[in-house]
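Please build the complex by placing chain G on the supplied structure of chain D, with the hints as guidance.
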Amino acid sequence: MASRAIPSDFVKSVLQNGVGRHICQLQRLTLKFCKESGTSRGVRDFIENHLIDFTRSNPGIVVYLKPRRHRTPYLVGEYLNTESVYLNVHKNDQEEVCKWVEHLRTRSGEPIVRLRKKWFTNNPSIQGIWTPFTNKDTRWNIAQFPELVEDEHKAAEYESSATEDILEMFRQMKNVEVIEEGTLEKDVPK
Amino acid sequence: MDIMQPFSLTDGKNKCWLLAMVFLTACRFTRSRGPDPFWRRQMYFRMAWRYYGRSRNCWVLALRRVHKALKKATLARQLKKIQMRKLWGQRINAGCYEHGCEKDIFLEGIAQSNIGLNKQMLAQLAIYEPRTFKSLVDLAKKQQLEAGITQNGLVAPSGVITRGML
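Listed in order, the protein sequences are those of chains D and G.
Here my numbering is used: the first residue of the first sequence is 1, the next is one more, and so on.
Here my numbering is used: the first residue of the second sequence is 191, the next is one more, and so on.
Bound conformation, chain D alone (with noise of 0.2 Å):
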């Protein structure tokens, strides 16, 4: 099926980053751009107008700078998490520069996928996850066993066995004494 041939994850922060100190994911940028050709106009603006700014405000992410001849403007971003982004800046003016070099600065190298759910947490419980020891009587730690189940439900439907039943006719019948296994005098040790 087509949503399971396309790679999907859940929503998740690197490290779980911006808990204590946030710390900016991106550590490279590298701008490759033609000096003469005019698909690399705004990258060129970008470089004369932005770049100071961007790299003062920024002292954390260093930036690269690769002029080629005829080919292409990309940039290049690098994230600690060793991923690395390549987006084609063909014939985008400054702005757009201005805005994509924000977008590779505010994501994490996480690759961007289908989120599955839109929350996650590592703690999912307050109370204490249910275990089958949850709703028990803690009487049942020190218990010796064989022990008569005496859950409160289940008492009404207990049904007693048929030795138990014989044994409870008997007991009724009158000038009949049951004597219990090994209280004769003779059985008992001495």
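The set of hints was computed from the structure by calculation and includes no laboratory data.
One or more hints might be untrue.
With a straight-line cut-off of 25 Å between C-alpha atoms, the simulated BS3-like cross-links for lysine-lysine are [to be verified]:
| hint | chain 1 | residue 1 | chain 2 | residue 2 |
| --- | --- | --- | --- | --- |
| 1 | D | Lys117 | D | Lys12 |
| 2 | D | Lys32 | D | Lys66 |
| 3 | D | Lys91 | D | Lys35 |
| 4 | D | Lys66 | D | Lys35 |
| 5 | D | Lys117 | G | Lys271 |
| 6 | G | Lys258 | G | Lys293 |
| 7 | D | Lys118 | G | Lys309 |
| 8 | D | Lys136 | G | Lys293 |
| 9 | G | Lys262 | D | Lys117 |
| 10 | G | Lys270 | D | Lys117 |
| 11 | G | Lys276 | G | Lys262 |
| 12 | D | Lys66 | D | Lys99 |
| 13 | D | Lys32 | D | Lys91 |
| 14 | G | Lys271 | G | Lys258 |
| 15 | G | Lys276 | D | Lys118 |
| 16 | D | Lys66 | D | Lys91 |
| 17 | G | Lys293 | D | Lys117 |
| 18 | D | Lys118 | G | Lys270 |
| 19 | D | Lys118 | G | Lys271 |
| 20 | D | Lys118 | D | Lys12 |
| 21 | G | Lys309 | D | Lys117 |
| 22 | G | Lys293 | G | Lys309 |
| 23 | D | Lys136 | G | Lys324 |
| 24 | G | Lys261 | G | Lys276 |
Label-pair distances were calculated between CB atoms; the ranges are [said to hold, decoys possible]:
| hint | chain 1 | residue 1 | chain 2 | residue 2 | range |
| --- | --- | --- | --- | --- | --- |
| 25 | D | Ile52 | G | Met233 | 37 to 47 Å |
| 26 | G | Lys262 | D | Lys118 | 22 to 32 Å |
| 27 | D | Leu87 | G | Gly224 | 26 to 36 Å |
| 28 | G | Leu277 | D | Val19 | 32 to 42 Å |
| 29 | G | Arg254 | D | Ser8 | 24 to 34 Å |
Note that the coordinates shown come from a computational prediction; the quantities given were computed from them, not determined experimentally.
The C-beta atom is built at its ideal place from N, Cα and C for all residues, glycine as well.
Relative to chain D, chain G alone:
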């Protein structure tokens, strides 16, 4: 009758105009064949990249498998909803039985107490917030007992004070 379309040539500098007629009828009888079939097949192969063996490389096989997959996906969209509801119902039932209640009674009590939690949320609470779920079950039981339900030995839970307001 031939269709004729006027067109003009202008030289920007000298502003010289040349008016002529173009015959379009013959041109309009030609039909374009459409895009290269490579692209349509590529669309299907992109959906089939994870298939086993020749089904990911051979056109006819890939087409069949991908069509089947898309059909199944269409049907599954409805089935998923049905199956998820069933799963939530099973989980709520399991949670209720631990606290001495039945699912139908619990859900009825929840609805009559005007609690707007749906089955998905109740199932999530039963898994991740067991104490909240227990309190909801107790509330529902108390409400149903006060409403007159005496099914299956329903026992009044301790610690639920309603003052007859439910």
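Hint check results:
1. For the proposed pair D/Lys117 and D/Lys12, the alpha carbon gap of about 10 Å is at most 25 Å, so the pair holds.
2. Among the hinted pairs, D/Lys32 with D/Lys66 is consistent with the structure: their alpha-carbon atoms are about 4 Å apart, no more than 25 Å.
3. Taking the CA atoms of D/Lys91 and D/Lys35, the gap is about 14 Å. The hint holds against a cut of 25 Å.
4. Among the hinted pairs, D/Lys66 with D/Lys35 is consistent with the structure: their alpha-carbon atoms are about 10 Å apart, no more than 25 Å.
5. Of the pairs offered as hints, the one joining D/Lys117 and G/Lys271 holds, with about 16 Å between alpha carbons and a cut-off of 25 Å not exceeded.
6. Between G/Lys258 and G/Lys293 the alpha-carbon distance is near 38 Å, which puts this suggested pair outside the 25 Å criterion.
7. Pair hint D/Lys118 plus G/Lys309 holds up; C-alpha atoms about 20 Å apart against a cutoff of 25 Å.
8. Our distance criterion of 25 Å between C-alpha atoms is met by D/Lys136 and G/Lys293, whose separation comes to about 20 Å.
9. Pair hint G/Lys262 plus D/Lys117 holds up; C-alpha atoms about 22 Å apart against a cutoff of 25 Å.
10. The straight-line distance between the Cα atoms of G/Lys270 and D/Lys117 is roughly 16 Å, inside the 25 Å bound, and the hint therefore holds.
11. For a cut-off of 25 Å, the pair hint linking G/Lys276 to G/Lys262 stands: about 20 Å separates their Cα positions.
12. A hinted pair counts as satisfied when its Cα atoms are at most 25 Å apart, and D/Lys66 with D/Lys99 qualifies at roughly 20 Å.
13. Simply put, D/Lys32 and D/Lys91 have alpha-carbon atoms about 13 Å apart, close enough for the 25 Å limit, and the pair holds.
14. With a C-alpha separation of about 21 Å, the suggested pair G/Lys271 and G/Lys258 falls inside the 25 Å cut-off, and the hint holds.
15. With a CA separation close to 24 Å, the supplied pair G/Lys276 and D/Lys118 stays within the 25 Å bound.
16. Taking the CA atoms of D/Lys66 and D/Lys91, the gap is near 17 Å; set against the 25 Å cutoff, the hint holds.
17. At most 25 Å may separate the alpha-carbon atoms for a hinted pair to count; G/Lys293 and D/Lys117 exceed this at roughly 28 Å.
18. Between D/Lys118 and G/Lys270 the alpha-carbon distance is near 19 Å, which keeps this suggested pair within the 25 Å criterion.
19. Taking the CA atoms of D/Lys118 and G/Lys271, the gap is about 19 Å. The hint holds against a cut of 25 Å.
20. Restraint check for D/Lys118 and D/Lys12: the C-alpha separation of about 10 Å stays at or below 25 Å, so the hint holds.
21. For the hint pairing G/Lys309 with D/Lys117, the CA-to-CA distance comes to about 19 Å; that is within 25 Å, so the pair holds.
22. Restraint check: the Cα-Cα separation between G/Lys293 and G/Lys309 comes to about 11 Å, which is no more than 25 Å; the hinted pair holds.
23. Proximity of D/Lys136 to G/Lys324 is assessed by CA-CA distance (about 13 Å); at most 25 Å being required, the pair is judged to hold.
24. Of the pairs offered as hints, the one joining G/Lys261 and G/Lys276 holds, with about 23 Å between alpha carbons and a cut-off of 25 Å not exceeded.
25. A C-beta distance of roughly 45 Å is found between D/Ile52 and G/Met233, which places it inside the suggested range of 37 to 47 Å.
26. For the pair G/Lys262 and D/Lys118, the supplied restraint of 22 to 32 Å holds, since their beta-carbon distance comes to about 26 Å.
27. Roughly 32 Å separates the CB atoms of D/Leu87 and G/Gly224, a value that falls within the hinted 26 to 36 Å.
28. For the pair G/Leu277 and D/Val19, the supplied restraint of 32 to 42 Å holds, since their beta-carbon distance comes to about 33 Å.
29. Checked against the given bound of 24 to 34 Å, the beta carbons of G/Arg254 and D/Ser8, roughly 25 Å apart, stay inside it.
The earlier numbered hints that this structure contradicts are 6 and 17.
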